[in-house]
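J.: Numbering (mature numbering (1 follows the signal peptide of the UniProt record, and there is no 0)), first residue to last: -20 to -1, 1 to 1081.
Watch out, some of these pointers could steer you wrong.
[To be verified] Quick list of the computed label-pair ranges, beta carbon to beta carbon:
no., residue 1, residue 2, range
1, G176, T19, 34 to 42 Å
2, P198, Q253, 22 to 30 Å
3, G49, E495, 15 to 23 Å
Calculated from the structure, these hints are not laboratory results.
Here a beta-carbon is modelled for each residue, glycine too, at the ideal position from N, C-alpha and C.
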Amino acid sequence: MKSFLPYLLLLLTACHTRQAEQLFTVMDTRTTGVAFQNTLNLTDTFNILDYLYYYNGGGVAIGDLDNDGLDDLYFSSNRESNKLYHNKGNLLFEDLAETAGVKGNGNWKTGVTMADVNGDGLLDIYLCAVGGYKSLQGHNQLFINQGGMRFSEEAETYGLDVEGFNTQASFFDYDLDGDLDMFLVNHSVHTVESYGDSSLRNTPNAAAGDKLFRNNGPHAKPRFAEVTQEAGIYNSALGYGLNVLTTDFTGDGWPDIYVSNDFHEHDYYYVNQRNGSFSEIGQKAFGHFSRFSMGSDAADINGDGAPDILTLDMLPEDEAVLKASAGDDPLDIYQFKTERGYHHQLARNCLQLNNGNGAQFRDIALYSGISATDWSWSPLLADFDNDGIRDLFVANGIPRRPNDLDFIKYVSSGSMQAALQEGKDADAAAIALMPEGAVSNRLFQGSASLRFRDAGNEWGISTPSISTGAAYSDLDGDGDLDIVTNNLNAPASIYRNNSRQQSGNNWLAVELKSEGANKKSVGATVSMWQNGVPQTLSVMPTRGFQSASSTILHFGLGKTRTIDSLRVQWPDGSVQVLQGVTGNRRLVINKQVEPLQKPGLKKQLPALAPLANFPDWQHQENDWFDFNQQQLIPHAQSALGPAMASADVDGNGFPDLFVGGCPGQAGALFLQKGAGQWMSPVNTPFAADAESEDVSALFFDANGDKKPDLYVVSGGNEWPDTSSLLQDRLYLNTSGGQFKKASLPAGLGGNRSTVCAADIDKDGDQDLFVGSRAIGGSYGAAPLSHLLLNDGSGQFAIAAPARAPGLQRAGMITSAVFTDINHDDWPDLVLAGEWMPLTVFINHKGILHNETAAMGLAQSSGIWQCLYAGDLNGDGWPELVAGNWGLNSKLTASPQDPLLMYVGDADGNGATEQLLSINKGGKYFPFLGKEELEKAMPSIIRKKYPDYSSMAGQTMESIFGTKLQSMQRHSVHTLASLLVKNNQGKLTLTNLPPQVQWAPITAIAAGDCNGDGKKDLFMAGNHFGVLPYEGRYDAGGVQLLLQGAGGQWRPQPVAGTPSFTQISHMVWLDAGIRKQLLLAQNNGPVLGFVLSKANTLAINR
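With these hints in hand, go ahead and build the complete structure from the sequences.
T.: Structure representation (structure tokens):
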């Protein structure tokens, strides 16, 4: 027994140590002295049914109010008195609200921020309130710091005593005149003024509209003047503003504005025009926004020096809550809104990655793992573990869930509406039907890969709460950031950070001091380099939700204490550089008085220049919505054109271009008569086939006359496979770029997708493979694909099945290439498709055999969209590059937990259903919710589940039972776009860099972009044909991967190319020094770009 005792003690010690290693400790209010609680009567006569933001809670502001080196706390209370706590050190606080004179007068207080409004070096407090609505009375208050922790309320004197639906304020110097101006973000309530098309943005509303105030200096009476209209700021009742961020998103030294809006109005992105006005360009700069944007934060998460944006929404992870909650609009409502000027909005958190100059942002929240954090209010992006990488804290929870679908259905009934209109007696019963919504706050550890790991339980944040406002500061001065939250009906929380004691990671705090009226240096940016790795922070106190954090900038340094250099860009644009800085201290930097270096505008990213005189031709997609006919297909199978192919068809030495049309639009041929001189020939045969949709095309020599002929693939999901509109076409080149239509074998109809050519039997002519994507009305069933054998004169015959066993029904093929993958001098066939592995048919002297498993690709099943084959590393063996659905998706897949789809007639009505199923926690759940499944299968869903809660959280097996056994099951093992390396016939799969995983990749081109002798890759994509719940994929655009030493691929930003568009095909033309990239956009113009010598040099920098 004695021999076991040391081991028992060791075990107990290990358990105790593990418990102590939690990063955060929730402090006892009796220890800290912070006893504030935002108390709210949830069933008061004035409640959530009277005011839709009744549950939004209050905020917290953190700042050093008496300049003693310790940050103090101020909490706003909705109904009761606000509290001010003076920091005495060691996380001990003293309540000074009574003596300080900052309790607040209104009966509904909201956001709070701190700023040195009058430029005397002392932080003042600005409090927002709702007034003039029903029983809510009050206006915003400005507490001017008199020193000694005493304040004087002077909002009226300063011109800031605003009454209305005030949410939060941000003080910033938008005109760079040296003093702080103010942006006031307001919210609306549902009235007739807040519903209508987007033109209502131009109708001012004094109570609900956002406002901009210019600081005219101490001699103006009042000091602040509203300049909303003249500055170009929207000021209408459409805005449901819940936070504002004011920082330099474009890198030109001037602060810009981002407003997160709730409900149907999208967020606003105002770019500073440097003349006192702003230009709102949100719909140009963002592919989509959060639908219910709540709190927000801005921070540089990828080290490029440009602030990225995080907005929070209300998407739950838990299946039972998710499937019982309202979220994304149905497709028809979604389309109705976008047609009336509202931008695309998706009900999830969005992490918008800045392209570097603020012109475009891409949402990567799904890739990063932070898209669903439930009912979320305040995000804080900061380095909480001092490892040099931003982490994420999210304040969460709501007393009751007003978006519960059963509750909405109940209160929408005529009887309940009548009862609610009669008086207040029915309120309590209605409110009781809302499920409770207390959940844990969330904490995610960041990484260099831009993926976040859920570390809440491990780091000590796991207790359910209702936390709204949140802010951070190193409250105890020990070198790590503590967190403070304002909680509803519970004491405020102070999370003490134990990072310094637990990890020993190093840190640096930077305090900036300026002269003039902006002494706290709001708007300044500090960049720090450590071992060549940069970090950038900006002084922007207002962040999160209704809250403000410390103006002291905190850098985590990891295990290295030394810093290469530190660069301060002051608000006036001047720059100050420090060398020899060491960490583990607070560094105070005073702005130098002498003139300093001023940077110019931020360098533009390397750009492809538009081709001069390029054909002005636009693809015109027809109106066809696949989901109206096939409600459960994972994504649309139409709108996948146009086709594009290039060859020198007239023999003049310049490549020409064919682009395919859409139903009702003929394809077009453009002849290049000189460098950059294009013309369209007359009397082309394409007009006769204008009703077909051209989805793919290939120039090849069909009849052996040395002239490129044209094969055009017909596709689309509108017609049955027997339709003549789905017949492919062969056009023979007669001479000089003139074509005539030739015959093809009967039976080539169907929703085709791709064509490729090779002499598979070595008889001296080009044979074809034509692949099919899907069967109209039966997505999931393998369509017919064909191998076409050429007799040498351009006459083709469908090959017998024995020439390629299994090829005709190989799968839902999207792309195909011939390549000699085993280096035996016979062209092999590689296929990519949806719900199938990358498939290899090895050519055995004219007979193709499926050897996918032998090539190591059996577990490569994906939703593949495109394929490229070529020798990328110069070893003589072809590699493959395969474009997949991407990792920035609600869909997830792995070999252990594949994505599943069941296909068959589940309800016995004669129609084919597709049941998409995802794995969560080892169980499979339907991807779609009750409404979507019920529309398609009412006899199953409506009968079995009378309400939403009874179905929410149910697994596939519990919902469909034995019906699944009679359905065909498809699986996907990876959604990542891949490089398939070929080591003398042995294939290995490698994920491509993250930048090409953020959207489906639908087009790939290869060429030497920077003159180093190595092939680089252009990749492009996006896909919009999905239901709003899945969310359009628009983070793709055009990506450039430069090939480096050892086969490493380096992502390189490329400006000038479109981002928020669907690219169907891409062609790279390498004509000596004139390198060209041609892009085919769905429902958009065909674009041509040239990579000049100057661009090449820019890429090499």
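J.: Work down the list of hints and note, for each, if the structure agrees.
T.: Comparing the hints with the structure gives:
{"no.": "1", "hint": "G176 - T19: 34 to 42 Å", "in the structure": "holds, 38 Å"}
{"no.": "2", "hint": "P198 - Q253: 22 to 30 Å", "in the structure": "holds, 27 Å"}
{"no.": "3", "hint": "G49 - E495: 15 to 23 Å", "in the structure": "holds, 20 Å"}
Checked against the numbered hints given earlier, the structure satisfies every one of them.
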